[in-house]
Structures are given as C-alpha cells and as structure tokens.
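*Asks:* As a plain string of letters, each chain reads:
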Amino acid sequence: MVKSATILIVEDDLLLAECYERWLQAGGYRTIIATNAQTALDVLDEQLPSVILLDMLLHGANGMQLLNTIQSHADLAKIPVVVCSNALPKHLPELAPYGVRIVLDKTVLTREKLVAAVREALL
Amino acid sequence: MQQPLGGPSAIIAAAAHELKTPLTLISHISQMLADDELGMTERERLRYVQRLQMVSARTLRLVQHVTLGYRLEDATQLAFAFALEPVNAREVCETVLHELTPYAREYQQELQFKTNVRPQLVLANRDILYDVVVNLVDNAIRHNTPGQVVEVAAATHRERVRLNVHDTGENISQHDLNRLRQNLGAPQPLSGHAGTSGLGLYVVNQLTLAMGGSLGLGRARQGTTFFVDLLRSKQLSLW
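Sequences listed follow chains A and B, in order. Start counting the first sequence at 1; every next residue gets the next number (this note's numbering). Start counting the second sequence at 1; every next residue gets the next number (this note's numbering).
Only chain B is shown next, with the shape it has when bound in the complex:
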C-alpha cells in the first residue's frame, strides 16, 4: 500500500479546507430559512430544506473521508479491516447514481451510466467500492459544466473491469495531470479547481489500492476522466 505523504496534519488541513464550503452553505441556508423578512413561500422553504439535507449528506461524506484518511495511515490495519469478495460493480454504480441524482440536479446536471456488457463481478468490498464511486461521482458533479452529463461507464478489459467517471468541466492542466499521476498518495490541491484539497482523490486512491486495484486519470477534449481498474472475480456469474 502506498504510504500517504504529509501524515495526519496534511489530512486535517485538507479536511478543514474541504469542509468549509458545505458548512458555509449549511450556515447560510439555515439563516435564510429562519429569516421571515425574505418572504419565501412554503414551497421555496421546502426546496431549501431539501437542499440542506443534501448538503448535510455531502458534509457527512466528507467527514467519512477524513475518518478513512486516518485509517489509511495504517496500511496493515486497513488490510484486515475489510474482506474482498465478488461484487457486482454495475449494481454499485447504479446505486450511487440513483442516490446522487437529486444532488446533481441541484447543480443542473444529469448522471448517466453506460455499459455494453452484462453485470460485472469484481474482486472488491462492496462498502469500499461504494465509497470509491461516490467520491468520484461527487467530485465530477462539482467540476462538471452545468447542463452537462456526468457519465459513469463500466467495461471489461481482459482480467480487469474498468470504471470510468467522466466530467466535462475545466480541463486539468498537463502540469497538474503529471503531478497527480506521480503522486496520488497525498492530498494535493489543483489549480483551477476551486475549493478542492485533493483529499477525496487521495482516499479513492488508497482504497482502490487496498482492493488490489489502481486509479488513473486522463484528459478528454473537454473535461477529465478518472478510472478505477479492479480485478474481475473468477467466481461463476449467475447472469
């Protein structure tokens, strides 16, 4: 397992940085809801309450990442923390997309899952794979161009299954791309990607490595694609 650079202080700094945005949102939306002078209708209030729930859920996901970040400090402990088993990657992706669709719509985006093969069984831990996909899709939603689609795709490559998460947002510079590829084992901010500390990507990388997989990324004509390669399960599929 790749050891994180910077240690706990880097994780705390990254977490504090990333938590500021959703906590600020929660604070501001709460103020609006309590403010009778804004003249909001009941329908508008309800909409903001729903937004509050979504932002709270995102904040909790971030806190979960911080917790995972600490656990990832001790690779040995992590190796025993969960078991690998055959997991249906397609089902995990579809669950994540279903759960994050309301959140994406708040950002005027759609989520789409594409696969041209039958459900793929990968060697993974379902909960951990769920965290990996949630993190990548959440990241893509925040960086995607409004009105565009975040596309999640699954494809089989020989002994591996590749999960792609593509956004059409601001292109990562070649400098940042090289830096990320060389050093995914530490939280690191990206220029042009506001409010990010790289904590989520660091967690995704460590979790993917712990499942025997690998994380990669590439630039498209418009946007960025992150991909996770996982081992195909040898267990006979019933599909």
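For reference, chain A alone in the conformation it holds in the complex:
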C-alpha cells in the first residue's frame, strides 16, 4: 500500500530535511533522514525504502556518486529516486539510467509538489 511507504530523505541541510519529513509524514509516509551519502548507504544496508528523495549537492560524496553506488547493487537499483536540488545540471533523460524518475526544482518546491512526486514515483 502506497500510504505506508518509507521514504529515505538524503539531504545535508537538517532544516530542509526536517521540512521534507514533515511534509511527507503529513502525506502519510514514513521517513528516514540521512544527511550525507555514507549515512544513506548505511541506511540502505539495513532496509530498503520505497523511494529515495535525493539532494544532488551533498557535502563529501555528492548525489551523483551515491546514484552510481546504488546502481551497482541490483536490489538498490530498483528503488525509484526523486531528485530534489537547487542545481540541476542534468535533465531527467540523462539521470533516468540512474534510477531517477522525477527531478524537482528545490527553489519552487511545495508540500503538494513533493507528495505528488513521491506518489508518482511509487506507481
């Protein structure tokens, strides 16, 4: 059931991560926050979320490096990814091979847009 899905939020700004957590929880989703790529991989070692919400510009290893690592593991590669970033150098067609279903512009993001994107990624 879509509504009980767990969303892994990979966002290095804690305030933004908390915001997305509140928005998604209000939409009925469970959430896990990882503030860097390594923590995200640690979470993925323990459990498989239904969707990964990913910021591309992370401190340390960036979103692209995380996407590459995820794609190198068959079980993780199946998880749909929603990219949410201030800087979008690549468009969706270029990111699609990395499991990215939707690209969101963080600067104009709203609760409705985020929840709709996660719902779409889960379909």
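Hints were generated in silico from the structure; no laboratory data involved. Worth double-checking, as some hints may not be accurate.
What the hints assert, rightly or not - With a straight-line cut-off of 20 Å between C-alpha atoms, the simulated EDC-like cross-links for lysine to aspartate or glutamate are: (1) K113/A / D35/B; (2) K78/A / D42/A; (3) K20/B / E18/A; (4) K113/A / D36/B; (5) K234/B / E110/B; (6) K114/B / D229/B; (7) K113/A / E37/B; (8) K114/B / E94/B; (9) K234/B / E85/B; (10) K114/B / E99/B; (11) K114/B / E151/B; (12) K20/B / D42/A.
Given the structure is predicted, the values throughout are model-derived calculations rather than measurements.
Please build the complex by placing chain B on the supplied structure of chain A, with the hints as guidance.
*Replies:* Chain B only, in chain A's frame:
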C-alpha cells in the same frame, strides 16, 4: 591589493549560487508555518520562527558579502573606506562566537574559543575584522561534522597575531588546497563542499589584505583550518 578575477559577473554568479540555499530554506519554513495541516504545536512553531530569524540573518550576511565584493572591485576606494586602529582581536572573536552560537546549535555544533595569551591588540578595523571572523566561522559551521566543535583560536607570533578557525568537516582535497592557495583572489567552488561558490573566502581574503594581513589555510588530520595573520598593534595595551 589583489585584484579579483572574473569581475562583477563572477561575483553575481557566486552570490546567486550561495543565496539559493538560505532563500529556499526561508521559503520552505514559511510554508510550514502557514500550513495548519502539519499539526505543529505552538512550541514547534516558535522554534521554526527562531530558525527563520537565523536563516534570515545568514542571508543578510551573504548580501553584505556581495556588497563588499563589489566594493572590493575598487581597491583604491576600499583603502579610504575605513581606518585601521588598535582592535582587541579576542573581543571580536568572542562577540562573533556569542552571536553565532544559536546558529551553530541548529547544526548540532558547539563553538569554542581558545587562547593562552592576554587580549591581543591588532592593527585592523573592528567592523571589517568582525566580518572576516563571522565569515570564517559561518563557513566552518556549514562544513563541520555534526556533533563536533568549531574551534577558534588566537595566538601571537612575533609581530603578528594569528586567528585560526578550525572545522572537522570533509577534508579539502590537495588539488583544491593548492588551487585555493594560489588563487584566493577569485570566487571559486570546492569539490565536495556543496552549495559553496567561494564568495565568502574571496571576500575574507580581500578584506584581510586591505588590513595589511594575510589569509591562509591548511589541512588537519580531520578537517580544515583557515587562518588570518594580522599585524600586532604597537599601542601600549592596558591589559
């Protein structure tokens, strides 16, 4: 004075890049506060209002840096823009740390000032030195490892006073370190340091040079140390 590379367009590009993050935060937190469906308690709302104030203050600091960046384009104008005088570097550092402590705690960090000498008088401009220290500490907070301490230290080296700002965040690569050391006179992003354009460091470097000082940086076992060397004031200290 070192002339900036890239000119106004580089500063505008750097500023736009750096302003996106705090403005996005302001937008998102505002949306949360206006959203009754999130079921926030009054206490939680108050906490977010306080966060909003802190992010707004940071945004204003960034705008101030942009303004300074433009002024720094004209070194001659800057030289007459402020006077150098004996300034208590310790007092400036302690003021900055006091003001930025709530901001650091939002990022689960502590700020610490270490000095084993009496208050140091340096030849500087208090407002400009304040901007330099704010910028370096702000930068360190954003790059520090959560749960760790950002350490500011002051020490006397012969005719100079060195102010160190150390974070325990992701190490700057040797490539970036060399690039920065060779070219502090232009905004430049660092790999592995998300959301930074190098604008703050460029401003710090130019301001430090304008006070007759110098900016440097080095890698530690964990993290990065930025340091500012300033001339000691010859004026007799009352301490």
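*Asks:* Going through the numbered hints above, which ones does this structure break? Give me the numbers in ascending order.
*Replies:* When the structure is compared with the hints, numbers 5, 12 turn out to be violated.
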